[in-house]
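Engineer: Protein chains in written order, with the numbering used here: chain A, 1 to 287; chain B, 1 to 252.
These aren't lab readings, by the way, just hints derived from the structure by calculation.
Where hints are given, some of them may not hold.
Stated by the list, open to error - Derived lysine to any residue pairs resembling SDA-like cross-links, with alpha carbons at most 25 angstroms apart:
no., chain 1, residue 1, chain 2, residue 2
1, A, LYS168, B, GLY152
2, B, LYS120, A, SER194
3, A, LYS168, B, VAL55
4, B, LYS120, A, ILE60
5, A, LYS168, B, GLY74
6, A, LYS168, B, THR240
Since we're looking at a predicted model, the values are computed, not measured.
Residue-level listing of the chains:
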Amino acid sequence: MSEGAQPAIAPYAFPVSRAARIMFALLAIYFVYALTQLDVSLERVQQGIAHAGRFLGRMIPPNFARSELLWNGLAESLQIAVLASALGIVLALPFGLLGARNLMPAWVSWPARLVVVLARSFHPVVVAILFVKAVGFGALAGILALTVASIGFIGKLFTEAIEEVSIKEVEAVRATGAPFTSVLAFGVLPQVFSRFIGFATYQLDSNLRNSTMVGIVGAGGIGGTLFAAFQRFDYDFVSAILISIIALIMAGELLATAVRRIFIDNATLRQLFRGGGPAQHRPLDDD
Amino acid sequence: MSDALIIRRLSKAYVPGKPVLHDIDVEIAAEGITTIIGPSGTGKSTLIRCINRLVEPSAGEILFDGQDLARASGVALRHARRRIGMVFQEYNLVERLTVMENLLCGRLGYVSPWRAWRRKFPPIDIERALALLDTVGLAGFANRRADALSGGQRQRVGIARAVMQQPRLMLADEPTSSLDPKTSVEIMELLAGVARSHRIPVLINMHDVALARRFADRILGMSGGRIVFDGPPQRLSDTTLKQIYGGEDWLH
């Protein structure tokens, strides 16, 4: 544009595309349509709030009288979570490795990726329903369901971590004449190890939460007890269960932190129990 | 004592029709330091990397130890590689492993994967690694993680890793380009020491002409993917340097 010429329209620094405007309009229309379809009204929300107040009132004080039932459920949930995490991590390792396209030929990586994608495509509760049908009610179904979920999650993240390793380090190990599996052990795995510990502890955390839920469909753990308490309107027992689940998740979080400090920061047992800050950072650490 | 390295009509084109190396013919004696100088992008790295096949040559022969490295594959290639030590410009240490583990990487070609996974290296390898750390001036650093070292220290580990292979040929791809002048000289002295004590040929890519002159027994000058100078450092004149790098303002 030549200097001094008046622009016909005020200039826009942030032009809005017409396609984006149409998309927003369609979204708004669908939102209103869905509201009318599902019989959502302000009146019902108001009624619901009053109802929720009564329901919350009955949750206090929590009733820990049936402690044996509570403990058994919690213990079973914990066992499901730990077993499923261990199995899932062990099984996710090979699939994650085989799926890495920078190390494996396409005919290996695609089938491995397919397995991982399938393992991730359903919510753990849906998978739990399938396993309850297959192996019957109880903890085994829950363990299998969460194992599948773990393979899906860790397998995917592990593959991505391997695909991001520094190829220079791998090249140097390869140049020493190391066989492929030794290159993996010395050139690849050290680079992804700390991230892998992160994935594993996150998955344990996620499995702990999910293991309190698969019980609702009969796959073992505290979820079954919780669901039964809801149906019998034992709201004081419900709140006792919810508080226990929160405690369980927090304990899991502490455990995860400890695992990370041991494996990633190389903390000693004494440092772990004394507390104190995280291990000192190396001056040249660039990550 | 080692063998000579004979390269015949070696060519490499990353993109078909645009060769980076044009029919390289060169024979490297069984001992001594040969440095390759030349402008960036002229194929020095490619030449070095073709020898241990980190880069696949397009055509030609690389004869070493009674074998054509250009055609080796599978186990034969691995066995050839374990006799060829390589030092990299950016050290290429496995950052998250300790110095000792990085040194033992040099033994991976000799140790079975089963032992490697369990970190069960023969005691003699560990003794040699400790002795080597002493030689390169890093005694007491065995359990440091590689990412806690300075550049010069890393390159010492890089050299020690290559020596751990008990190589019969040593390659170095711009080993001093990331280092300060004093450390560069120390690293070159280490490489010269390896060439002498192991009596093996050492082939080094360099940008620093003065350093190349000081340490080399023989200098190869490359330009445009061809060797345009081949001779002892004394014969490397300003005229030749002009021919290799082009221009002359930088000489004075």
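Engineer: Which hint numbers doesn't this structure obey?
Structural biologist: Those not satisfied are hints 4, 6.
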